[in-house]
Every structure is written in C-alpha cells, then in structure tokens.
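Go by the hints and put chains G, W, U, X and F onto chain E.
Residue strings, one per chain:
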Amino acid sequence: MGGTPLPDGIKLMDEQGRRIDGRLPGELRPLKIEAGVLRRADGSAYLEMGHNKVMAAVYGPRECHPRHMQDPTRALVQCHYNMASFSVDDRKRPGPDRRSQEISKIISEALTHVVFTEYFPRTSIDVYIEVLQANAGTRCAGLTAASVALADAGIPMRDLVASCAAGKVANTMVLDLGKEEDNFGQADIPLGYIPRTEEVVLLQMDGDLTADEFRTGLGMAADACKKIYDVQRDALRRRYVVADDGGSEGVK
Amino acid sequence: MGGTPLPDGIKLMDEQGRRIDGRLPGELRPLKIEAGVLRRADGSAYLEMGHNKVMAAVYGPRECHPRHMQDPTRALVQCHYNMASFSVDDRKRPGPDRRSQEISKIISEALTHVVFTEYFPRTSIDVYIEVLQANAGTRCAGLTAASVALADAGIPMRDLVASCAAGKVANTMVLDLGKEEDNFGQADIPLGYIPRTEEVVLLQMDGDLTADEFRTGLGMAADACKKIYDVQRDALRRRYVVADDGGSEGVK
Amino acid sequence: MGGTPLPDGIKLMDEQGRRIDGRLPGELRPLKIEAGVLRRADGSAYLEMGHNKVMAAVYGPRECHPRHMQDPTRALVQCHYNMASFSVDDRKRPGPDRRSQEISKIISEALTHVVFTEYFPRTSIDVYIEVLQANAGTRCAGLTAASVALADAGIPMRDLVASCAAGKVANTMVLDLGKEEDNFGQADIPLGYIPRTEEVVLLQMDGDLTADEFRTGLGMAADACKKIYDVQRDALRRRYVVADDGGSEGVK
Amino acid sequence: MSKDVMADLKRDHIAKMLSKGIREDGRRFEEMRPITIEKEYVRSAEGSARVHLGNTDVIVGIKMMVGQPFADTPNKGVLTTNAELIPLASETFESGPPGREAIEIARVVDRGIREGQAVDMEKLCIEPEKEVWIMFVDIHALDYDGNLFDAANIAAVSALKSTVVPAKRADKGEDFPLPVAHEPISVTAVKIGEHVLVDPTYDEQSVAEARLTVATNENGNLCAMQKGGEGSLTADEVLRIVDLSRTIGAEVRAKT
Amino acid sequence: MSKDVMADLKRDHIAKMLSKGIREDGRRFEEMRPITIEKEYVRSAEGSARVHLGNTDVIVGIKMMVGQPFADTPNKGVLTTNAELIPLASETFESGPPGREAIEIARVVDRGIREGQAVDMEKLCIEPEKEVWIMFVDIHALDYDGNLFDAANIAAVSALKSTVVPAKRADKGEDFPLPVAHEPISVTAVKIGEHVLVDPTYDEQSVAEARLTVATNENGNLCAMQKGGEGSLTADEVLRIVDLSRTIGAEVRAKT
Amino acid sequence: MSKDVMADLKRDHIAKMLSKGIREDGRRFEEMRPITIEKEYVRSAEGSARVHLGNTDVIVGIKMMVGQPFADTPNKGVLTTNAELIPLASETFESGPPGREAIEIARVVDRGIREGQAVDMEKLCIEPEKEVWIMFVDIHALDYDGNLFDAANIAAVSALKSTVVPAKRADKGEDFPLPVAHEPISVTAVKIGEHVLVDPTYDEQSVAEARLTVATNENGNLCAMQKGGEGSLTADEVLRIVDLSRTIGAEVRAKT
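Protein chains in written order, with the working numbering: chain E, 1160 to 1411; chain G, 1160 to 1411; chain W, 1160 to 1411; chain U, 5 to 260; chain X, 5 to 260; chain F, 5 to 260.
Hint data in this document are derived by calculation from the structure and do not stem from the laboratory. Accuracy of the hints is not assured; some may be wrong.
Looking from chain G toward chain U, a few residues come up when the C-beta cut is under 8 Å (computed) [as the list claims (entries may be wrong)]:
id, residue
1, Q1260
2, E1261
3, L1362
4, D1365
Even for Gly, the Cβ is constructed at its ideal location relative to N, Cα and C.
The following block holds chain E by itself, in its conformation from the complex (with noise of 0.2 Å):
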C-alpha cells in the first residue's frame, strides 16, 4: 500500500463513516458489464467499476503456438493483461512490465481452474484485458469480466469467476478501494472467487492487518463477489435475449 502520506485536507472517512467518494464501507463501486461488445474476437465484454474502463475478449481454442508449448492433454488458459499507454496520469510505457506479467500470470491460473481445458488438448484459448482507464482494482475487474467474454465465447466453463477486493482505510475495513483509497489505504486483499462453489481462485494481500481484520476483509469481499457474480449473469442473459431477437444466426 501507498506509504505515502496523505496530502492535507484529504480525509479518506468522514465523521459519518462515509469514504472519500461518499461510499459506505461495505458499498461497491458502481458495476456495468456488457458482453459481446466486439465483432473480430470469438467473445467479449466491456466493464466500468467506478472509473475503471476494461475490454476484455477472448480467441480460441486455437492452435497453440509455440508448438513446444502445447499439451496433449488440455487446453492452455493464456491471459495478457495488459494496461492502455493513456489509462493512468503519467503515461505507461507499451509493452508489458513486471506488474502486469504478474496480473497475467495469476488470472490465467484462476481462469484455468473454470475451464473445461480438457475437452480442447494441444490448444490454446487466449484472453486479452486492456484497461483503457485505470482506478484501483483493475486485476478484479480484469478478472470478472474476462470470465463473461469467456462464456461470451460459448467456452465450456465450471462457472464464471467473480472477483473484487476488500481492504482497510482509515482502520476500517472496506470494499473495492477506490484510487484514494488505494495510494493512502492500510491494506488491499484482492479476491477472485466462484459464489456457489466457495471457492477461492486469486487471493492478494498487501499492507498491514491483524488476522481478525482478514477474516472480515475475505468474508466481505467474498459476499461482494456474489452481487458481481449477479451482474455477470445479467450481462450474459442480456447478451441472449438481444441475441434472440436478432435472431442468434445474425450475432456472430
């Protein structure tokens, strides 16, 4: 977490227990999630939490390539996280760094365990996120709306992977940090999460917390990730019925 000091007059909780952006603790972002927003890739979806603007879309399975990466018995989940030049203040070198391979790395393994990547072997089925805006929280927002461009892609899947943080600020835990929040909070834990199986699939923390205030930070983020869970359900329905009365033929 941050270190830094917060700048004066900032207050990150007011005498009301109200955050910084007028949230309670226990209060998510606003969440929009639309499925099937692109035409090249085989599925998709497009996500703003508060400020965040993620793209996510979804090719294969495909022929895996480097061969000599191949499996004979599955099918690969590779995500590439990946974030805009423009989407944070000071401008972000192209190219991936250290962070974002890290990102890459631990969305790839909790996708994989949703996937049915053994009816697919020696295949690959690639996950692209680009963050066009960044806030806080772009790893859960990555995470939660590549799985709907995964099942956008009518690829067979255990469930879908919901995903959102809890943390402290100002000694008190909270859900989904905002910007703020993030740069001047006590402690982040990232959470992916599958709702009706319980189980956990991408786990973080960083900052400062007794083990009683993780307890709570992953219960709350863990009951959070049901109402994403919700709305990525209601994106994908929506996707369908749109589908439907266009007639499916004519979507993809």
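Just chains G, W, U, X and F, lined up with the frame of chain E:
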C-alpha cells in the same frame, strides 16, 4: 518536411533558378550504378546518387526461416533497409528503428510486384540495402539499387523498378531533393516506378502541396525514373559484357 | 589492462619481491575445489581461488533446443558464463553483456575440445558458470570449475582443462593476477591448458609484453596449470570416495 | 493451403460483386462507413477519442509530458506517435513489440499530424532549448474491420481537439487547450481489379492489390500520402484517389 | 506424453502416502525443512546471505547505490527486487530475461519487505527530492528443490540484517548499518488433495493444486499474501494457512 | 547432413593440397592476401576507411561525440567498438543484435586499439570528470571471405589515422586530427592439420581447427591476443605465430 527555419545566409534557390548545389529544378544528381560488386551475395549493386552511397545485395531464393512464414504458393521478397551508424552526421544507433522498418516494408512491397514469386514457392528472396553514406533520398537510391541486385542475382523479374523523388523547394517543383532541400524544403514525393508499364509501385508524400503541384511532381518523378531505368540497364549490360569478356562461367 | 594510474600509497610489489597480497611472483592464490555440490544439476563444482567464488553446473547430454541448432554428428557444448549482480563492487545489471558473451564463446570452444562430443549426436551439453564473487581471473576460475563439473556429470572426456593466468606487474612476470594487479598491472595472459598433452585450448592476452616476456608468462601459466590439474583431480577423487562411502547409488 | 483457397474464393466473390457495382455491405465505391466519435472517452488522458468507423473501433489517447526539445527545433514541442495493434482487436495482430504493420500506421498518422501542422508546436515550447511539451499520441485498436489508417487519423484529430495541456499539474502556469491549428484528414482507398473503393473493410483490404492513403487539409492541400500493398497503381488512379480524398476528407472533417 | 504420465504417477504416489500421513522426506505436514543461513557470504555485496532450505539453495545479495527518489516519495529510499532463476539451478529454468515465475517470486519477496516495512526507508534519504539510497535486493537461485518463495524471503531478510550502507565510498558521510525495522517472514503452504503441507519440495510443488504464501511480522500481523496454482482453496483453508504462517513464521524469524 | 559431407570433402581437399604446400589461391603459407585501403571513404564519418583483404571487404567509420568520462578514468576519452556482421556480407551472418561472432571481432579489434594505445586518450579529455570525446569505432562488413579480424583491424587503424575531431561543430574549440600514438596491427593464423597459415580465406577458416590472432606494435611488442576454434595449439605453435605476427605486422603497418 523539416519545419526547421532556414539558417541565415542559405538560399535554396538563386535568382537564376539554380538550386543550392547548382542544379536546375528538373535535374537529377549524378548517378552511378555498378552491378555485381560483391562475391558472397547471389546478386549485388553499388549505387552513388550525389553524396549517397548505397550497397544492395540479394540472397535467394533460399529456404524461408522461420518456417511458419513460408508461403506455399510463392516466394517472399524480404527487404532489410539499414543505415550504417556512420552514414549520418549524428551517429545512428545500430539496429532497426521505426523509420527503417517502414522503408523496408514499402520497398519489399514494391519489389514483390516485379519478381515472379510464384516460381519459387516456400522460399525467401532476401534483399539487403546498406546505406553507407546518406544525403537525402536513400530509400529511392536503395530501391533503385535493389532492383539491379535482383537482376544481377538472376531472379526472374517482370521489369526493373526505378525510383526517385520530386519535391517542392522555394515554391518550385524540383527533382531529387538534396540534403538541405530535404531539411528546409516544402514537400517530398518519393516514387517507385516501372517506366515501361507506367506503374506506380512505391509512393509517399509529405509536406504541403496543392493538387496541381502534386500532379506536376508526380509527372517529373515518373519522367526521371525513365532516365534512371536507363542507367540501371546500362549497369547490367556492362556487368554482362565484363562477365562475357572474362568468360561467363568465371564470374560467379 | 587498467590504464588507470596507480593510486598513491599502493605498491604492487615491495622491495623483497612480495606482491600486494604477500605472494611471490610464481605463487598461485589459495585454490579450493569441491565437486558434486548441487542436487538438481547432472554435475557441478564449486571453486574458490583467492576471493573468487564460482559455481559451475552441467546439464546433459540432453535434447538440443532450438532444433535447428542440432548437429547430427555430435553434441554441442554450450557454456553460459554469468556474473551475479552482486559479485562486483558496482552492481552489474542482470543479463549477458558483451564481455560475458565473449567469455562464454571461448570457454565453450575450450571445453568442446576435451568432450567426446561425437558420442552424443543431436544433443546439447549445457555448462553454466555463475560468478558469485569476483576478484580477477574469473574466466580461468570458471573454466577450471566447469571441467570438474563436466567430469562430475559423467560426461566422457579426453582430459580435464586446467586454467590460470600469467601477467606482468611492476615489470615482473607473475602468476594469477589479483584484483589490484589486474587493475593496475601491465599485462594479463589467461590460459586454458591440458597439462598431460600440453595443449593450449584457451589463450588471450592484453597489455604490453615483449615476445620474451610472453614466452616466460606462457611457460609459467602452463606450469601452474599442472598444479591446478592436481587440485581438480583431487576434488573428483574426494567426490568419488564420499560417494563410495555413502554408497555410490545414493549420491545422485 | 486452405487459407489461400479461402482468400481466392473471397477475392473471386468480392470481385464478382464489384463488377456488378456492389460492395459486400451495400456501400457505394466512394462512400465511407458510418463514423461515430466519442470525445473525452478516457479521463486519465489529457485528450482522447474513441472512433467507430463501421465495425473498426479505435481509441486514441493524448498524454502531455514536460521534456527536452530536439537540438534542431529548440523552440518547438515534440510529437511522438505510437500504435498498439494488440491481439485483442484481431487474430492477425500479435503480441510483442510493434510489427511493421503497426509501425506503418503510426508513422502515417504521425505524418498527417506533423506535415499537416495540426498543432502549433511553437506554442508547446516552455523555455527554448530547455523545456517543451512532449505530446504522445497513442493509438489503441479495439476491433479491427479494416482501414485503421483513417479510423486512427480521425480519432487522433478528434483527441487533439479535446486536449487540455496540464500545465498546472506540472507547475508550468495555467492549463490551456492544445493549440490545434489544422485538421488534416486522411482518406484511404484500395484497388481491387479494375475498381477503386474508399474506406475498405477487412475483407476488402485482404483481397486488395494496392492501397493509397492521402491526407489533406482544410484548404484542400495535400500533406501526407502513403501507398501500400504489392500491387501497382497508374498515375491516373493516384490522381483520382487524391481528388476523392480532398472531397471526402472535407466531409469527414466536419464530423471531428 | 511420458512427462504427463510421470506426473500422474508421482501425484498418485505422493497422494497415497499423504493419506497415510507421510511426506516423502518424513516431515510432518506442518514442518519446515532444516534451514541453514550463511550471512555475509559475498564480500562484494553490501549485505548477503546464502540460505539452504532443505536442498533448495539460494543467495541474496544487497547492493546500495546513490540515486534519485520517486516523485511521490521524495524523502524515501528506493527498493528494487530482482530474481534470477538461472538454468544452473534447475532444468526447468530458462536462459533469458526473467519469466513469469521469476517475476512472481521477486514481486512476492518485494511485497513482503516493502509492506512489512522491513527497512526504515526514510533513513535512506540523503537529500529530499534529490538523492536517496537505492537498495537492490538480488535473488540468485543455485539449487532448486521447491519453495523458493520462503527460501528467498529468509535470505533477503538475513541479508538486509547484515547490510552496511557504504556511505563513505560514495562520499556521503560515515558507513552505517541498514536500518532494519521489521522482519517479515513468509511461510508457503500447498494443497494436495485434501491435505495442506507447508514448505513444499519440488516434487510436492509439482503435483500441488494450489499454493498460498503468507508473510507476517513480529506482532503476528499479515503484511503480504499470494495465492498461486490452478486449483482453488476454501476460505477455511486460507485461514488455516494464515494461522500456520503466523506460528511457523515466528519460529523461522528466530533463526534469521 | 549434406553440409557436413561438404565440409569433410572440402577439408580433405584443402588438407591434401596443403600437404603439397599449396593454398587454394596459390599463396605461400605465410603470405597475406593483397590489401587495398581507401581512406576517407565515408564523408559523414569523422574518419573512415574501406579495406579489401583479398575478397574480404570491410568499412570502418569513426564517429566522435561529446560525453561523460568513466568514473575511474576521469581525464580520458572513451572508446566504443562495435561490429555489425550484416547478412549482406555473408549468408552465415544473421539479422538482429550482434551474435557471439560479431562480439568477439569487435572486442578483439577494441583490445588491439586499447591495449596497443593507438590513441592518446588523455588528449580526448575536454574537462576532467565532466566532458570527454567518445570515440565510436564501427565495423561494417560488406563481403566476407574470411579473416575479418585483420581486415577490421587494418580498417580501424587506417580510419583512426584519417580522423579529424569535430571540435568546432560541438563548440569545443578548433578541429584537430585524432592524436594517433601507435599503430597496433593484428595478424591472424589458423591451424589446419599440421599446417599453420596466415590470413585464412573463408574456406580455410571453415576447416581450420584453431585460430590465433596476435596484435603487435611498432616496437614488436605484443598488445593483444585471442585464440579461437575448438582445436588446440602447442606452445611452440603459439610462439611461432607470435613471431610471424611481429614480422608480417610490420609489413602491413607500412601500408595503413
């Protein structure tokens, strides 16, 4: 074009309509081409145009690496344009930059048009252009030289490509811009042209031109390409004669 | 050689002919070699020579990647010399630089000479040399250690290569230059040598030497290699005894 | 092989239709696809625009940073244009550093802005020889259905027009709108057989023999041009495309 | 194929033994392998430690350089952590720039040091906004038998504790010991079938479904966490590993 | 396979001829190929030379730039040597960053110039610790028929001798000739079977077991040496090549 203001005391054109190096508007710089100047390459050509010194070499048709780039229906013509680090006033860092990659791409396309690529499926025909001394117009010089090198390599071709630029300097349309004209002029139109069939195979433009001025410049450059074409053929003819004199088997 | 002027108060050789670290001109630094120190590698050796600390590991013969590098008639001996970022006073940036690539090349060539590469066509024998602490003479230390690691891996070899340097310091020919001698001395002659057959397999020189001085240095280094060779054999013998004591099957 | 067979079939089909005067999406030969422009799409950028040109979807973001001028233009800002053809947008795009295709697009868009003098670069000088504004024009493709040249050019010009220079944040005085002086607009045409079509789709582009992009300014003058493709054009075809570009460019400019 | 068959056989074997409560090296499920620490192993580094965690063998070297602070932390030193998983240490490591595995290890070790506030970074400021100490933590694997996360963490903390800042050499006053404020220790556990094991060997790690690394401080607080692997954990399993980490971490900390 | 068969046949043929005392181009074993040197070949460089050594053809260009000295040599200029073995010169050269072969050539040429003290580097100091001249020696191969080591060395020394330091352009006083103090010349020999040949052609080099490059100065002293190849040399062979290098080097030096 430059955008740099003209240094004091420099005039790009005098009262008599003479350019800074004494040429008339429609005059090319002195041009010299020699074919077959390298032993190791399958074909080669050395070219001087004004103070430009350019070497072109051709290898192939040969097996195309990496294999996944092979085209089963034809040969790939792959041009690699490179400036020697000492070819310009400020030392150029070795290795391809964006400019040289763009030039390599458009020269590859221009040459592909004239090579009977369908005779050599799955192969690569590699064209290397080395700029040893640069003085404006190196892409045209390189394309002109590369055509001769391809012919010298015995690659079956529809025709030779000739190349030169027109441009606008001191409000006058001129041929074949020199270095100062390139830096301080108003527009540049590099052209790759097949005089016999009157085909445009490479064309760029930058600067500021009316449509009429462009039409004039295009015509001037196309006409000049005919002269360059003659010098190309002359170089190949001399090469043949020399080879013939020395016994054609002895040359390669 | 350095070219740096000797700092005040430093004398590379005293009136008694003792060197800056107390050694006589013909004296090696203390040398310690231990074979079979790593579990994962097929063979390994740890070496200390003065303040140098070097680890060598061998993997193979194993399938050679990429495949187009395979030699159908023999194994490739591929050495990768690397300095740990903390092995020198000014942190070295991770990754191969030009110096380490040159050293990797000449050590690969020296080791290829003694391995029966023809026994293992199409394979690669990979030799990794890690300099953990550097104090002049690391290429010799690395080559000496790598020979032992190859033998420890059970690779069939004509013989071991021993390696050390001679040089010129304070107008005297000396053996095995230390760090200050390397920085402020007059010449350095790294030698890789097979004492039994008296073959030179690695040789470099830089600095300023008369032909006679070079002849003297070459002789001194060759003689010293015989002593190093004994230490190498001793390390392998101890390894064998230990292995034998513990039951040779239990070791690897 | 199957890919090539597909390409041949596609080419035959498209060519046959064209000979009847019909494009696959029903457009006239000299008609652009519908253009929608969302300005200020990205709040983290100093300026931005998302452009749909038919199904081609691209975002351009502008970032401004304080830096050093080039030695030969000590009193001018610096323009840097970059295109990321990320594999999200098309299976034909690959991961890794920009390939020749991405470089060409970035350089052609750059040439249009630069040579068309879209921005008054002297107004981006803070202190001559010392400090100027560096202007990063970053092109990000999201969905690729052909003609990224024009989609990116339109997005870039629109983004520039929405850009505010963050002088205050950098402690260099008050924020001010980017001094946009001209609006160079490019129009791209391709040649398929006998036919010349503007604003090609992905399929049209993939069977085209040659491509010509022409950027013009408000006064109808040409500022940048780039031919692509392995086929040739006649001088007449070139001049016809130049004329098309001037006419259609003016229509497009009205929308940015 | 044979590799996968081997993996299946190995997994079956390890799982069968685990169901009898037996690990391949005879340890209890909640037992670390023997730890040996050689501090000041490398004289050329400002601080260093070589750690054996069972057969896993790793060196961490600390180098200190004078440099510029980040703009948003003008009065703090800079921490840079890097891991080289050189192919000397395992046939599964490859030459070339760090892969995702090396990056993950470096970043998790970095997170533990940084979030656990191991070093008082303000004391590494020389002149605010101008000059601070840059601290390079370089992780070098020598022999890889699993659980590099914890081996590297232990080596890093030990190395930090042995570090002397070479102020004199840099003409910045007298040398002083690195101001180590806390000792965050990570403990890693894996899940194999029903079972949770701490400090996995290479073989155990290769058949594990999921991994969780938890770093804690002297006060038992959590400072960093990282789940890995394609399997899942229940919340209960996570909380159990958190508890294990706090208990075992305290034991390990006593040895650094 | 065919490549290896070819190599075997070539080796047999060359060896058989050598045993009769005959080289493929008729030279004596201790004879260099004809050398032609064109100085000031490239006007854009501060110094340059194009050298033909038989059919081997190489250009060296010298560029001078103002920059910072190294910390340990605050009053000396900086030498940087680089070799581009571009695929124009040989089908055995590959595109991309310099491989081990190019690096070796650059480093051996560099070592000759540096250790042979070809240039008085102190005279390239502008202001101690602040500004010195950086000297770039760029080696560009055009046609490769073996022994680039010596061809590049000759071209480098010739180019240095023709170099004028462009002080005026950089606003650092008047232009002056590069202070060349010595002319280290390298001679390369290879061993094929029993035989030692100087200045090997491409074919000779490709069948040689070992190579030795020795650079000497005007006084006959040695300044640099590099053995290459997978074969071995005896000490006697080394000393004989050293003698050859001293004699032949003096002849070559007269031509630069």
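Q) Out of the numbered hints, which ones does the structure contradict? A) Of the numbered hints, all hold.
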